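Dock chains B, C, D and E with the ligands against chain A, hints included.
As a plain string of letters, each chain reads:
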Amino acid sequence: MRTESRPAALSIEGLRVSIGGHDVLHGVDLAIEAGRVHGLAGESGSGKTMTGLAVLGLLPHGSRASGRIAFGGRDLLEMPVRELNEVRGAKIAMVFQDPATSLHPMLTVERQLTEHMRHHLGVGRKEARERAAGLLAKVRIPGPEEALRRYPHQFSGGMRQRIAIAVALACEPEVLIADEPTTALDVTVQAGILRLLRGLCDDLGLAVLLVTHDLGVMSAVADEVSVMKDGLVVETGPRGQVLREPRHPYTRSLLDALPVPPGENSP
Amino acid sequence: MRSPLARFLVRRIVTALLLTVGITLITFVLTNLVPGDPVAANLGQRAVGDPAIVAQWRADHGLDRPLPQQYLMHLEGLLHGDLGTSQQSHRPVLDDLAESVPATLELAGAAILVSLVLGVGFGVVAALRRDRLSDHVLRVLSLVGISVPTFWLALVAFYVFFFRLQITPGSGRIDPGMTPPPQVTGLYTVDALLSGRWDVLSSAVGHLAAPALVLALYTIGLLTRFTRSAVLEVLGQDYVRAARAKGLPGRVVLFRYVLRPALVPVITVAGLAFGSLLSGTVLVEAVFAWPGVGQYAYKSATTLDLPAVMGVGLVVGVVYLVINLVVDVLYGVIDPRVRVS
Amino acid sequence: ACSGGGSSSSTPSGAAGKTLVIDTSFDLKTADPGRTYEPTGLIVDKATYDTLLTFEGSDVTKPVPSLAESYELSSDGKKLTLKLRQGATFADGSPVTADDVVFSLTRVRDMKGTPSFLLDGVEIAKTDESTITLTSKTPNPALPYILPNPALGILNSKVAKENGATNDPNDKAEQYLNSASAGSGPYTIESFNVSSQVVLKANAQYWGAKKPYYDKVVIRNVESATQKLNVQRGDSQVALNLSGDQVAGISGGLQVKRTASAYVFFLLANQDSGVSKVTSNPKFVEAVRKGIDYPGLLELAGEGSTQASGIIPSMFLGALPPDQAAKRDVEGAKAALAESGVSDPTVKLEFPSELTVNGLSFQPLAERIQANLKEVGITVELTPAPVTTALDNYRNGKEELGLWYWGPDFPDPSNYLSFAPGKLVGLRSGWKAGADKDVEAAADKAGATVTDDDRKQAYTDFQQKLNATGPFMPLIQPGQNIVTAASVTGVEYHPVWTIDVAGLGAK
Amino acid sequence: MKRARLFGRGRVRRLPQAWRRPLAVVGTVVALAWIVVALAAPLLAPHDPLAQELPRLAPPGPGHWLGTDQLGRDILSRIMYGARVSIPLTLLLVALSVVVGGLLGACAGYFGRWVGETIMRLADLVFAFPTVILAMVVAAALGASLGNAVLAVLVVAWPAYARVTRGLVLGVREREFVLSGRLLGFSAWRSLRVDVLPNVTGPILVLATLDIGTALLLLSGLSFLGLGAKPPSPEWGAMVAAGVDVFDSWWVATFPGLAILTVVLAFNFLGDTLRDALDPRTAGAIKERAL
Amino acid sequence: MTMPLTGPLLSVEDLVVEHRTPGRPVVRAVAGASLHVAAGEVVGLVGESGCGKSTLARAVCGLHGAASGRILVGGHPVTPLGLRRRDPALTGVQMVFQDPYSSLNPRRRVGAQIADGLRAAGDTAASPADLLERVGLPRAFAGRYPHEFSGGQRQRVAIARALAARPSLLIGDEPISALDASAQAQVARLMRDLAVESGAGLLFISHDLSVVRLIADRIAVMYLGKVVETGPTAEVWADPGHPYTRALLAAIPSPDGAGVLPAELPGDVPDPADPPSGCRFHPRCPLVMDVCREKEPGFGPVACWLHEPEPSSPS
Ligand SMILES: Nc1ncnc2c1ncn2[C@@H]1O[C@H](COP(=O)(O)OP(=O)(O)OP(=O)(O)O)[C@@H](O)[C@H]1O
Ligand SMILES: Nc1ncnc2c1ncn2[C@@H]1O[C@H](COP(=O)(O)OP(=O)(O)OP(=O)(O)O)[C@@H](O)[C@H]1O
Ligand SMILES: [Mg+2]
Ligand SMILES: [Mg+2]
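Sequence order for the protein chains is A, B, C, D and E.
When the letters of the first sequence are read in order and numbered with the working numbering, they come out as residues -8 to 258.
When the letters of the second sequence are read in order and numbered with the working numbering, they come out as residues 2 to 342.
When the letters of the third sequence are read in order and numbered with the working numbering, they come out as residues 3 to 509.
When the letters of the fourth sequence are read in order and numbered with the working numbering, they come out as residues 33 to 323.
When the letters of the fifth sequence are read in order and numbered with the working numbering, they come out as residues 3 to 317.
Just chain A, with the same shape it has in the complex (with noise of 0.2 Å):
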């Protein structure tokens, strides 16, 4: 059912990742579309994590990569730093998974949200600023005016990964990668992450990657999923297929997993 119609905005091909000579990924293969959100399961150390922070070079310290990792016509393994800078934040965006580590506790709001916009927009600091306060309103939060000059601390989770959100889109990027964006959160408000992450996409035509591992969120959000075991991407496909009729037993193995069997309806 896998439809080829338009070109990959990110693709990742054979990409080996070791740490301190231990390997974690063993070739992962992906390929994410503008305007489509692509879910990345599997369970924990599978190496889904990895595979988001090699995309953007970073790596933690001791580590090798190589593979491919395509970016607008260049291989992002190759890139010098200097370049790399170009793209992080301008091109690709991330969100990781705990809005109250991801941003830094001393900073206001505004300085986090408006910096790299400066630097890779090139805006003055006035504009920067209306743009911020824009970005929060697209994220709603309320009094984005005031909340500017607020610091992350005085924030509840969910309006710090709304913050978040606006931070990584603050350069308008071509690819967001969210990693785990509502593990830390309530189920109450990770719902309304979940919508903000579907609209953003539909909207804007980003291309999401999306990783989780709750297979639910997956089922909500993704378009295509994709699962990992053991630094392999072992299923690829849409998401009604990989969650209804997965090929490979690994992918069962975790539906089989699940409380609820899959397919029977919620209230």
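Just to be clear, a hint being listed does not mean it is correct.
Stated by the list, open to error - Okay, derived cross-link-like pairs now, BS3-like style, lysine-lysine, Cα gap no bigger than 27 Å in a straight line: (1) C:K376 <-> C:K64; (2) C:K163 <-> D:K262; (3) D:K262 <-> C:K434; (4) C:K20 <-> C:K279; (5) D:K262 <-> C:K203; (6) C:K213 <-> C:K259; (7) C:K376 <-> D:K262; (8) C:K425 <-> C:K203; (9) C:K218 <-> C:K20; (10) C:K64 <-> C:K85; (11) C:K467 <-> C:K400; (12) C:K81 <-> C:K509.
To be verified - Per the computed footprint, the stretches of chain A lying under chain B, defined by three or more beta-carbons under 8 Å from a beta-carbon of chain B, are: (13) 89 to 101; (14) 106 to 116.
FYI, nobody ran anything at the bench for these hints, they're computed from the structure.
Small disclaimer: the values here were computed from a predicted structure and weren't measured.
Positions of the beta carbon are idealized from the N, C-alpha and C atoms, including for glycine.
Relative to chain A, chains B, C, D and E with the ligands alone:
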């Protein structure tokens, strides 16, 4: 409206004041445990033989009262700014301290300044160049720094730099014969600067260099180590990764995102290190004939000069208080979570 | 980068602002002559106060006039008459009067400060505007030798009284006298700090013939080891306290003045059986006396030092000749120890830990004595203590064995009568009056003799008896090594005030 | 925090790696060498450390490799015998500090309330005072002797352990296995003994290793000031002090100083590596201690 | 609603628990909650993070003192745990904690830790190995240290230790939330089975409603320190009464591959130190009425003004 920071500071001040009282109590108790009679130490040989004079002297110094009362008298004096009279110098302890404390503060201040600049610098470099050669070298050097016996290093430095190489000037704070600058702060370097006495300034800096560096070696090592681990810890934080993910240049990430939080533990350590510098001065001042509070303390402690020892205790307590406050205020400046919330 | 501020600015012979830097290990409590007793204080007071009589150079055998033009001792030795010099003035220009003299001397005596004993029992009176009489109840032939002591410097009584000086222990002038001097000496105090440095400046109006040479004299508190470095580098011009070892390696372009000092190191063995059953045993004392390796101690004290044959130092009248000094005799010591009846004795030897006398610490001496006595079979436990604590025990007569030194208060043998039983130092060794009639009698006799020859004989006798049965073992007289820059002239060691700053000049 | 731990924590498994680090190896070798020297001093030392029969102040050369001191004693032999004074005393001192500070800190942490408050305020008091000055006053008050110097340093050293232990105990006290134990009917004491203390010893021992150096520096510093070892004991700090008087004879002060330096350095190398290996997070607890 | 004649095994009435931190306002983490658990019954306690579930559980164990209200276990009032041994009458309440990495003492063999449980029950017949077997682990594992186990296995050991004390009431404070998805359901089922089998009550705390639905007989929904709704699981699931329960259930994404976005509940859990007036849920409630802003609905089983019981029947 009292801000949380103000409330926090008030609490710290109160605690520190209580601590100071505690310190005076400890010094009082300790000095009274010392075997040996201050009377013998302070009266002339012949006068000691005359019971009337001894009794008179004891009464004058309140030594005939019960200990708790003596302590209360001491505290009462403190409230009136009276630290008593040194039994050794026969001068008000306050005057003695007014001379020796600035000397030590100048020494320790110079040392902490050097340590902060070098220690933090080295620490950052080591962290950024983690596991490379420069990191290893800096780590070993910082360990050496905290392992060198200060008193020995002072001797070696004095011998080598003053005597053999003849590049540092001799004992004291300025060249003998040079008139000290008009006293404003008591720190010769600052006072010389204020009064435009360039010759004095260069002499004072020259005299300060060797002892301050000797004193600083330990704290440089200490701060290098803590800065390194603090920076490494911050480098591992999500928000740094997030900042890098934003495509900010390394320099910006380092100075805006990494250093600030890394400085929080470093400030704590620097505050504590200042305390250890004050300790170190006891050993260094003797070798460099630096007329500071370390020598004064040593002399007072060994001569059972009770008012002087208690004066030193008090000064040290106040310095501790001030340093703690500075550290707390710096916390507030650095970390909005302390300031706002 | 920091070498610029070095020592170059303090050349002694520079035309303007001649500055002399003297390094010494401070033993300093006060600059108030009425209270001063410590060596550094005496240096300061010698330069800032004039006394009635003084000594010429280092010759202590003959007091010479100073503020007093002449003096005369009555034949019974009880009355000293002094004629005051006219025209002497204090630093503020006012004349030195007989009233100033009476006030100053009475103040010393009655304030009960450390030096008050110098004038114990002496009545001070003014006969007329230029005559002073000092009367004692007992013959006091030492008085002319006492008067040069800087502690007996003459104060400007008006200034002193304005600043709280009185004639009793309630005197409050010390604080003032520590910040400024009120004397007629060639220098005045510019600044004074008991622990770091004293700065003297020339008294431009000095009345005497010999004007102060230096505009400014800085006396700094410097450890003896550092003194050596300083003087070698030219950072200072005079180093007062170098030990024999330190002087041995001294190099190029410096003058070294070596003399035996008047300090006598001695060991005391407590005679109070309440303090120690062991040391109060006369045979044990003999064993110790014979067990000590005197040349070995001399070696530690270095060049310029000599063995002390008696308690009176070699340069004073009545000193014992060197051939009468004690000698080591290990066998004899062992025999004496066996005779004493104490087996395997262990005794504590106390000494001041941080005190140095002319750069010589007590510790190596004590360690060597410990090693010497070990050979004899006596275990010595060393208990160093800070001076204050150690002094306390010493003065209270609580030490089993004590290692101390005696510096003369005035250059007269009578000063050493304190070592007799029941006297000041005698008591410190638990030697009470009546403990040794023989020595006591010899002491009394020595104190009462007047003519020089008789005195010499009497003091020799006193010391021989003291050495034979007393609890004291004179050890050494360390050298006094004064090292100066080549340019400094007029360096003389003086047993009372170490060095006369005003006597120093430059080539 | 739903999934707090990303990685398992293999404390025990990581330990052997420590030995692969060169610093640890150097530290161990040097420390062991010193311990051997201390134990075998009578066999190794070329001379009697107390005999005063050699030429005085002889420079290093054949016969006496490190020269002789003022009294004509062989410095090498004295340094070797000095290891028998300094090292065991330092170890004893650290052990005492661990026991006293650790127990007080554990009580303060576990029982909290006024017990803890009192102990910690006392610790603060000591902390507020520069260590050397306080130790100096204590040593002066008690009288100069090595035993008293140890006591004096103990007075200033225990609060560091009390603080760290308290911090660790406070952390462990809320750990769930401790609560489980209490729920199963452990008394507070048993809980402290069985569940809490064994889980704080690791970091404390690391701190102790790091502290050996500091303790030795402090002890020898006191001896240097004349408040520690009594002559003729060949204590290193006292030996350095003796060298002050004879500055020109640089060897008298230099070698004992180097002895102190190497021992302190060895234990610091060891402690540093141990700390890295055992738990990077204790770094935070250890930072409480400066000097 | 029926109640066992003997009275419930655990009854919590109007419980208030406060956290006091110097320099901060008092946090009323549990603000008048009521809850009952009968013997052999499994009650699931759900609610958003920070609503006071753990605090309530700790209070029930005596790990936290109550500011007011009552906690009875088997008719016995729960007293806060001091320095002394826990009242033996209360060792019938045991707890399994959230973090499998800190729920076992890393320095002791698991066998010894299970033996502590046996000792608490005075059980001399059973051995630690027996209990390991019951939780599905090999008997030989008794000699191992905790670091040799995976998270799920540790949690089993923790359950074994709790069971060894023969509890009449077992409390699980999010015992599965730190486990891998594959282990979660297994461990939850195991806990339920063992509790029911031994006749003990089980209070199972979780924020994962799908798991709770799977094992709980009854469900209690907590919001900001209060239990806002209780009822048999199936009933609550099928027909949630409280608007909050409804929102909670609607927010669960289902892994059916249908691509249905879950419903969002605006706003966040308010600060328990400064709760809203009236009904605690009213600022977020889609069905808010005037009365909600003023008066707190102090009744059950659904504490909502929409479900105010007839005034006739006091219970
Ligand atoms: N800093 C690191 N050093 C060494 N190994 C690491 C590091 N970070 C991750 N790993 C290893 O890399 C592998 C993949 O980890 P990764 O974080 O990508 O997993 P994940 O799928 O994101 O898991 P989770 O669902 O727990 O976030 C794991 O085996 C992990 O142990
Ligand atoms: N020791 C404490 N001191 C102060 N406040 C506390 C303390 N423990 C919990 N709280 C506060 O009490 C409230 C309830 O906390 P509790 O841990 O009971 O919630 P919970 O429902 O268990 O949440 P979670 O699902 O996150 O575990 C929270 O607001 C929390 O911040
Ligand atoms: Mg991950
Ligand atoms: Mg909880």
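Results for each hint:
1. A C-alpha spacing of about 45 Å is found between C:K376 and C:K64, which places the hinted pair above 27 Å, so the restraint is violated.
2. A distance of roughly 49 Å separates the Cα atoms of C:K163 and D:K262; the hinted pair therefore is violated under the 27 Å criterion.
3. Restraint check for D:K262 and C:K434: not satisfied, since their Cα atoms lie roughly 31 Å apart, outside the 27 Å limit.
4. Taking the CA atoms of C:K20 and C:K279, the gap is near 60 Å; set against the 27 Å cutoff, the hint is violated.
5. Restraint check for D:K262 and C:K203: not satisfied, since their Cα atoms lie roughly 43 Å apart, outside the 27 Å limit.
6. Proposed proximity of C:K213 and C:K259 is supported: the alpha carbons are some 24 Å apart, at most 27 Å.
7. Taken as a hint, the C:K376 and D:K262 pair is honoured in the structure, with Cα atoms around 17 Å apart against an allowance of 27 Å.
8. For the hint pairing C:K425 with C:K203, the CA-to-CA distance comes to about 41 Å; that exceeds 27 Å, so the pair is violated.
9. For the proposed pair C:K218 and C:K20, the alpha carbon gap of about 6 Å is at most 27 Å, so the pair holds.
10. Note on C:K64 and C:K85: the hinted pairing holds, with a Cα-Cα distance of about 17 Å set against a maximum of 27 Å.
11. Only pairs whose Cα atoms come within 27 Å are accepted, and C:K467 paired with C:K400 is accepted, the gap being roughly 24 Å.
12. The suggested pairing of C:K81 with C:K509 is violated, with an alpha-carbon distance near 44 Å, which exceeds 27 Å.
13. Only residues whose C-beta sits within less than 8 Å of a C-beta in chain B count toward coverage, and the region 89 to 101 of chain A has 9 of them, enough to reach three; the restraint holds.
14. As drawn, the region 106 to 116 of chain A meets chain B at 4 residues by the rule of a beta-carbon pair under 8 Å; at three or more, the given contact holds.
Hint compliance for this structure: hints 1, 2, 3, 4, 5, 8, 12 are not met, and every other hint is.
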